[in-house]
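Student: These protein sequence lines map, in sequence, to chains W and F.
In this text, residue positions in the first sequence follow my numbering: the first is 1, and each later residue adds one.
In this text, residue positions in the second sequence follow my numbering: the first is 1, and each later residue adds one.
By construction, these hints were calculated from the structure, which means they are not laboratory data.
A quick note: this is a predicted structure, and the numbers were derived from the prediction, not measured.
Take every hint as true, because none was put in to throw you off.
Per label pair, the in silico range of CB-to-CB distance:
hint: 1; chain 1: F; residue 1: Ser94; chain 2: W; residue 2: Phe179; range: 48 to 58 Å
hint: 2; chain 1: W; residue 1: Phe167; chain 2: F; residue 2: Pro163; range: 30 to 40 Å
hint: 3; chain 1: F; residue 1: Gln167; chain 2: W; residue 2: Phe179; range: 21 to 31 Å
hint: 4; chain 1: F; residue 1: Lys92; chain 2: W; residue 2: Gln89; range: 34 to 44 Å
hint: 5; chain 1: W; residue 1: Pro125; chain 2: F; residue 2: Ala160; range: 47 to 57 Å
hint: 6; chain 1: F; residue 1: Pro96; chain 2: W; residue 2: Thr159; range: 52 to 62 Å
hint: 7; chain 1: W; residue 1: Ile172; chain 2: F; residue 2: Ser185; range: 28 to 38 Å
hint: 8; chain 1: W; residue 1: Ile64; chain 2: F; residue 2: Ser124; range: 25 to 35 Å
hint: 9; chain 1: F; residue 1: Pro96; chain 2: W; residue 2: Phe167; range: 53 to 63 Å
hint: 10; chain 1: W; residue 1: Ala71; chain 2: F; residue 2: Lys164; range: 33 to 43 Å
hint: 11; chain 1: F; residue 1: Lys33; chain 2: W; residue 2: Phe179; range: 30 to 40 Å
Beta carbons are placed, not taken as given, at the ideal position from N, Cα and C, and that holds for glycine.
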Amino acid sequence: MAQSLAKEFTKGLWAEIPPFRLVLGLCPTLAVTKSVENGIGMGVATTFVLVFANLLVSLLRNVIPSKVRIACYVVIIATFVTIVELVMQAYTYELFLKLGIFIPLIVVNCIVLGRAEAFASKNGPVLSIADGLGIGIGFTLSLAALGAVREIIGAGTITIWGGTPVFEMVNIFPGYNPFAFMVEAPGAFIALGLMLAAMNLIGSK
Amino acid sequence: MEYFEIFIAGIFINNILLAQFLGNCPFLGTSKKMETAVGMAMAVIFVLVMAGMITWIVDTYLLKALDVEYLRTVSFILVIASLVQFVEMFLKKSIPALYAGLGIFLPLITTNCAVMGACLLNISKEYSFLSALVSSFSYAVGFGLALVLFAGLRERINLARVPKPLQDTSIGLITAGMIALTFMSFKGMV
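Hey, can you work out the whole structure from these sequences and the hints?
Tutor: Put into structure tokens, the structure is as follows:
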């Protein structure tokens, strides 16, 4: 039990890390990773929804008739997304404004529905939580990494939760000019494509 | 004139795939062949226009009237899911040729964030009914345009010799970035 629990948890961190290995959930990945901060915020919100949706789907897996299961999953997911929306509106209003419509759009994030359908509907609640947590943390790490690449190249600094930048490119390369292309739309596609290629290169050895 | 501006902006400047990043999963998933790309584009145009109208009506006359706007996410996804189901049954009965053409793309649209995203954008911009209709249509056309362009490029790339780590999704994303770059040149047109 403990072994399979660890296996389900760790597979989300490398073997099936979204969005690189599982090419799902690209929209939030591309849209919100203008900075590390946004990436982490989005990742944490998605993780919350993933874990609780997985738990509830797994508990109800014998009750839900298979013909209407997708509709049921969608309602379960939408409920948790609404909770996240209200909580973020109350406590992290600035981040809520930055992420904008991508918070309600977690409902249609294929990762969440994909895990409910592919994993939670077939496994027990404890394993499902481990799966949701693993995939969620993997997703958060990917978003943070992509956000870091884009923010470092595009803005030349990394700023987390206001205040002074934690990292400045100018300290390493004097006279560094920010390459604003990376924080624009095309930069997102190209950065993700190159990171995917790098992961393929590492994985194939 | 206002509608014309919304129309052009929706297709080129705020292109839903390349500028707003909505609907990227089907963008990469169904663009390997031209046929599937055209099928997906048609299905999205059909559903997005209907969903745009219905969600606007639901939002204005139900959610805002009853002051329960926090139910927006849940009600929109239900509207879209049932709309897709309804369209599927209707087409199967009355226009079987079109149904066969759209095939499996119809059910997939439920989880296409382009549809839900466009509906939410219409609401957040506080459009009137007609503007919402025009903008939904233009977003859908923009989606179709980008998808068909991308599928054409991908068919060519399949014939080229791509280095191994870059193959498939990776080169696809980089190509998409290049298309997004060309679409950026429309900025400031309206």
